[in-house]
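2 protein chains.
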Amino acid sequence: MDAGSGSGDKAEFFTQGRRWLKALPVKFKANMVAMVRNIRKLGQDDPRRVIHSLKVGLALTLVSTFYYCQPLYSNFGVTAMWAIMTVVVVFEFSVGATLGKGLNRGMATLMAGGLGIGAHHLANLSGHIGEPILLGFFVFLQATISTFLRFFPKIKSRYDYGMLIFILTFSLISVSGYRDDEILEFAQKRLSTISIGGSACAIISTVVCPVWAGEDLHNLIALNIEKLGNSLEGFGDEYFKRTGGEESKDDKKFLEGYKSVLNSKNSEESLANFAAWEPGHGRFPFRHPWKLYLKVGTLARECAYRIEALNGCVNADIQPSSEVGSIIQEACTNLSIESGKALKELALAIKKMVQPSSADSHIENAKSAAKNLKSLLKSGIWEDIDLLKVIPGVTLASILIDVVTCTEKIAESIHELASKAQFKSVEPTLSTEKLHSGQIQSVKSVQMVNCSHVVINVGESTLPSPPSESSSAPNASKQRMEV
Amino acid sequence: MDAGSGSGDKAEFFTQGRRWLKALPVKFKANMVAMVRNIRKLGQDDPRRVIHSLKVGLALTLVSTFYYCQPLYSNFGVTAMWAIMTVVVVFEFSVGATLGKGLNRGMATLMAGGLGIGAHHLANLSGHIGEPILLGFFVFLQATISTFLRFFPKIKSRYDYGMLIFILTFSLISVSGYRDDEILEFAQKRLSTISIGGSACAIISTVVCPVWAGEDLHNLIALNIEKLGNSLEGFGDEYFKRTGGEESKDDKKFLEGYKSVLNSKNSEESLANFAAWEPGHGRFPFRHPWKLYLKVGTLARECAYRIEALNGCVNADIQPSSEVGSIIQEACTNLSIESGKALKELALAIKKMVQPSSADSHIENAKSAAKNLKSLLKSGIWEDIDLLKVIPGVTLASILIDVVTCTEKIAESIHELASKAQFKSVEPTLSTEKLHSGQIQSVKSVQMVNCSHVVINVGESTLPSPPSESSSAPNASKQRMEV
Numbered sequence: 001m002d003a004g005s006g007s008g009d010k011a012e013f014f015t016q017g018r019r020w021l022k023a024l025p026v027k028f029k030a031n032m033v034a035m036v037r038n039i040r041k042l043g044q045d046d047p048r049r050v051i052h053s054l055k056v057g058l059a060l061t062l063v064s065t066f067y068y069c070q071p072l073y074s075n076f077g078v079t080a081m082w083a084i085m086t087v088v089v090v091f092e093f094s095v096g097a098t099l100g101k102g103l104n105r106g107m108a109t110l111m112a113g114g115l116g117i118g119a120h121h122l123a124n125l126s127g128h129i130g131e132p133i134l135l136g137f138f139v140f141l142q143a144t145i146s147t148f149l150r151f152f153p154k155i156k157s158r159y160d161y162g163m164l165i166f167i168l169t170f171s172l173i174s175v176s177g178y179r180d181d182e183i184l185e186f187a188q189k190r191l192s193t194i195s196i197g198g199s200a201c202a203i204i205s206t207v208v209c210p211v212w213a214g215e216d217l218h219n220l221i222a223l224n225i226e227k228l229g230n231s232l233e234g235f236g237d238e239y240f241k242r243t244g245g246e247e248s249k250d251d252k253k254f255l256e257g258y259k260s261v262l263n264s265k266n267s268e269e270s271l272a273n274f275a276a277w278e279p280g281h282g283r284f285p286f287r288h289p290w291k292l293y294l295k296v297g298t299l300a301r302e303c304a305y306r307i308e309a310l311n312g313c314v315n316a317d318i319q320p321s322s323e324v325g326s327i328i329q330e331a332c333t334n335l336s337i338e339s340g341k342a343l344k345e346l347a348l349a350i351k352k353m354v355q356p357s358s359a360d361s362h363i364e365n366a367k368s369a370a371k372n373l374k375s376l377l378k379s380g381i382w383e384d385i386d387l388l389k390v391i392p393g394v395t396l397a398s399i400l401i402d403v404v405t406c407t408e409k410i411a412e413s414i415h416e417l418a419s420k421a422q423f424k425s426v427e428p429t430l431s432t433e434k435l436h437s438g439q440i441q442s443v444k445s446v447q448m449v450n451c452s453h454v455v456i457n458v459g460e461s462t463l464p465s466p467p468s469e470s471s472s473a474p475n476a477s478k479q480r481m482e483v
Numbered sequence: 001m002d003a004g005s006g007s008g009d010k011a012e013f014f015t016q017g018r019r020w021l022k023a024l025p026v027k028f029k030a031n032m033v034a035m036v037r038n039i040r041k042l043g044q045d046d047p048r049r050v051i052h053s054l055k056v057g058l059a060l061t062l063v064s065t066f067y068y069c070q071p072l073y074s075n076f077g078v079t080a081m082w083a084i085m086t087v088v089v090v091f092e093f094s095v096g097a098t099l100g101k102g103l104n105r106g107m108a109t110l111m112a113g114g115l116g117i118g119a120h121h122l123a124n125l126s127g128h129i130g131e132p133i134l135l136g137f138f139v140f141l142q143a144t145i146s147t148f149l150r151f152f153p154k155i156k157s158r159y160d161y162g163m164l165i166f167i168l169t170f171s172l173i174s175v176s177g178y179r180d181d182e183i184l185e186f187a188q189k190r191l192s193t194i195s196i197g198g199s200a201c202a203i204i205s206t207v208v209c210p211v212w213a214g215e216d217l218h219n220l221i222a223l224n225i226e227k228l229g230n231s232l233e234g235f236g237d238e239y240f241k242r243t244g245g246e247e248s249k250d251d252k253k254f255l256e257g258y259k260s261v262l263n264s265k266n267s268e269e270s271l272a273n274f275a276a277w278e279p280g281h282g283r284f285p286f287r288h289p290w291k292l293y294l295k296v297g298t299l300a301r302e303c304a305y306r307i308e309a310l311n312g313c314v315n316a317d318i319q320p321s322s323e324v325g326s327i328i329q330e331a332c333t334n335l336s337i338e339s340g341k342a343l344k345e346l347a348l349a350i351k352k353m354v355q356p357s358s359a360d361s362h363i364e365n366a367k368s369a370a371k372n373l374k375s376l377l378k379s380g381i382w383e384d385i386d387l388l389k390v391i392p393g394v395t396l397a398s399i400l401i402d403v404v405t406c407t408e409k410i411a412e413s414i415h416e417l418a419s420k421a422q423f424k425s426v427e428p429t430l431s432t433e434k435l436h437s438g439q440i441q442s443v444k445s446v447q448m449v450n451c452s453h454v455v456i457n458v459g460e461s462t463l464p465s466p467p468s469e470s471s472s473a474p475n476a477s478k479q480r481m482e483v
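Residue numbers (UniProt numbering), protein chains in the order written: chain A, 1 to 483; chain B, 1 to 483.
Hints should not be assumed to be uniformly reliable.
[What the hints assert, rightly or not] Incomplete in silico selection of chain A near chain B, CB under 8 Å: (1) Ile-51; (2) Gly-57; (3) Leu-72; (4) Tyr-73; (5) Ser-74; (6) Met-85; (7) Lys-265; (8) Asn-266; (9) Gly-312; (10) Ile-391.
[Claimed, not checked] Covered stretches of chain A, as calculated for chain B (at least 3 residues, CB under 8 Å): (11) 60-71; (12) 141-151.
No lab work stands behind these hints: they were computed from the structure.
Just so it is clear, CB atoms sit at the ideal spot from N, CA and C, and this is done for glycine as well.
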């Protein structure tokens with residue numbers, strides 16, 4: 001603090017203070033505008049958020065009428081509080097999460113209530129001094145055991161909340177019994193208020209603009225595969241345009257789409273977990289094979305790792321010389337565009353829930369492009385070129401060839417999904433001629449997929465190809481016959 | 001059911017039933033044994049789980065004494081229930097998570113209690129009919145707004161639980177006020193019982209065998225980098241042994257260690273989030289730079305993507321021919337072993353919280369191995385070999401060279417962490433001579449890192465190297481001078 005060192009300093013201090021005070025409303029206004037913009041963006045990104053918030057408000061207001069209506073209040077009294085609590089805690093964004101939490105809460109309350117009453121009666125038998133000791137021991141024992149059980153991965157993923165409520169209810173009911181002998185009524189009131197709150201959540205979340213976790217998972221997987229396809233399609237053009245000398249940093253954003261796929265594991269798993277709690281909805285029956293989506297997601301992530309490596313090539317300091325580029329450009333571009341198209345067709349097939357046969361021809365094209373690329377690499381045209389200049393091109397080519405393998409695996413897993421989930425086969429009315437030639441092509445390609453599985457595997461394929469699943473390809477071709 | 005088709009079938013049915021009944025105890029015993037084994041394994045994997053369970057039991061038993069002691073019960077009555085609730089809900093595995101939840105719950109209750117009382121008074125003014133309508137409107141409004149705010153990523157990551165409790169408390173207190181005019185006492189009781197439960201959690205989780213999220217994050221990052229190092233070290237040997245003809249599927253497990261690094265993002269982020277709530281503990285002061293660990297973690301993950309690509313080479317169907325293998329073997333093995341050693345030294349430096357200067361020499365070695373590899377690729381010895389046979393080796397080499405770049409970046413970020421977190425410089429007493437030569441080497445290497453940053457960048461380096469951070473390397477060398 002040097003405010004006291006002179007009158008000039010003091011004056012300056014006050015001037016600064018006045019300036020700061022004058023700037024305050026401007027700053028405040030700027031902050032408010034930024035906040036409003038943020039809020040609007042959050043709502044526009046996913047309008048279901050706004051609807052969800054309104055739904056929570058509605059459920060809470062409905063349940064709080066218990067307090068306002070005399071007949072309801074005289075029945076439940078203060079325990080109506082638990083209905084409010086249940087709504088606040090159980091109401092989640094998706095129907096599956098809400099139902100899962102509600103069922104967990106209900107079942108856990110029922111079981112823990114029964115056990116708690118049992119513990120209370122047992123403790124009652126042991127006399128005035130023994131009762132609190134025995135009750136304390138029971139509470140300690142069940143809390144310790146239940147907490148430990150929560151570490152089991154299977155329990156953690158599906159019943160974690162139930163275990164929590166089990167501990168809570170058991171402790172509350174067995175301990176309350178010490179003071180209040182109307183423990184049965186207490187337990188029954190807790191159960192019924194929780195059921196009322198839970199039912200309100202379940203009904204409002206299912207009926208009013210429901211958000212289905214299963215549908216979200218379905219769309220997320222389709223979107224992720226589409227992103228991979230976009231990145232691949234754009235890649236070929238982008239890479240060789242750049243080595244041709246033109247720079248286009250702005251256009252590269254769509255190439256980055258795959259990045260979000262790299263870390264999508266957790267959201268996929270939790271969505272699949274929620275989806276398992278949901279009843280049939282829209283196009284998805286109860287017991288839709290949600291787990292297969294996780295398999296497709298894992299393969300998509302493996303493909304994304306490859307594209308990450310490709311992206312490394314785009315950003316590398318050393319680019320293939322133009323003579324190398326011109327030799328492999330066509331095959332590479334073809335390969336990446338065809339793989340990209342195949343992935344986009346697969347994504348579209350998932351979205352529309354039809355058999356993904358239209359992707360097969362693109363996969364065939366990608367495979368023949370890979371064959372081309374391989375024979376180019378085999379040919380003698382490289383002998384005159386410095387190997388160091390060839391390296392970036394060769395690396396690129398072998399990663400691309402690996403991408404084709406990944407794409408094939410994704411297609412297989414989606415074929416499996418399509419047959420297990422009984423996706424529709426494509427209607428013959430849609431441009432029959434094109435479809436017809438497509439059919440022949442795709443039947444051929446399915447045969448080729450089945451018999452020559454590992455032929456074009458150059459470079460760094462990840463895993464030995466699994467035995468082709470008999471369920472997918474034959475079913476696909478059978479359903480195509482029914483068209 | 002064909003049980004009625006003949007007496008023979010009936011007899012068989014009963015025989016089967018008897019056999020099933022006889023087998024029941026055996027099955028039951030086998031299931032029990034399997035369960036006990038699972039439970040024991042869960043406890044042995046991390047004994048802190050058992051301790052945590054006991055701690056929860058202890059806290060809950062302590063808090064439930066409120067019900068047993070007459071003087072305590074007469075003070076709080078049934079509201080003592082909230083103390084039990086708080087313990088069950090707030091007590092988490094790590095200190096940071098417990099403190100974070102407890103503080104969230106406490107602050108939210110305080111704020112919502114104040115607002116709830118305000119809402120109650122405001123509604124009170126509007127007469128007998130207007131009161132429930134106005135109260136309902138307030139509940140609806142705040143539930144909607146608060147639920148929407150929970151979608152903000154920043155609020156979601158740190159204050160999600162607080163927002164939940166805010167909605168809960170506001171609704172409870174403003175609604176209860178309609179029936180019970182002693183609303184101030186109600187709010188005060190809720191706050192004090194929650195504080196008691198929260199304090200019990202905070203004290204027990206901090207004092208009795210505490211589990212610190214910060215320490216876990218620190219160890220996780222060190223372990224992940226060590227895993228990468230192990231995979232790289234083992235890789236060189238494994239790859240060329242296999243191309244030499246020997247198969248050793250069993251030994252390959254340690255190569256898979258890096259896989260868990262690929263998906264570690266979420267656990268790292270939540271640990272860093274919890275760690276921010278923790279006070280200083282052990283070697284970590286309050287405001288330890290936890291966010292830098294996330295940066296190191298991100299770079300480690302990028303390195304893991306490269307190793308995933310390397311793993312693709314190991315599992316590829318086409319392996320480099322033995323003549324190609326013999327040419328690049330030494331350089332590749334050197335490179336991967338030295339990068340692996342560097343990463344393991346870095347992991348050790350993090351573990352021991354010392355300046356990571358001992359890794360610098362290994363990084364230098366890895367860089368010169370990369371140089372070697374590059375000049376090998378440049379040399380004319382390849383002209384007689386079929387290019388297709390060269391491809392796997394070249395791909396391998398260029399990914400390995402990229403791994404060196406990744407290792408360098410990890411080292412830089414750990415240097416930054418070491419200087420920001422003021423890691424100790426290495427004591428001069430430990431084998432002075434070796435250390436002395438190491439010092440010269442590492443000072444040299446730091447200079448080299450600073451001046452020639454992108455020299456050895458062949459193939460698919462990911463991103464243009466960032467401007468070398470002035471904070472890390474100079475500080476590191478300065479601290480080394482202080483030794």
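For each hint, the structure was consulted:
no., hint, in the structure
1, Ile-51, "violated, 10 Å"
2, Gly-57, "holds, 4 Å"
3, Leu-72, "violated, 11 Å"
4, Tyr-73, "holds, 7 Å"
5, Ser-74, "violated, 11 Å"
6, Met-85, "holds, 6 Å"
7, Lys-265, "holds, 5 Å"
8, Asn-266, "holds, 5 Å"
9, Gly-312, "holds, 4 Å"
10, Ile-391, "holds, 6 Å"
11, 60-71, "holds (count 6)"
12, 141-151, "holds (count 7)"
Of the numbered hints stated above, those contradicted by the structure are hints 1, 3 and 5, listed in ascending order.
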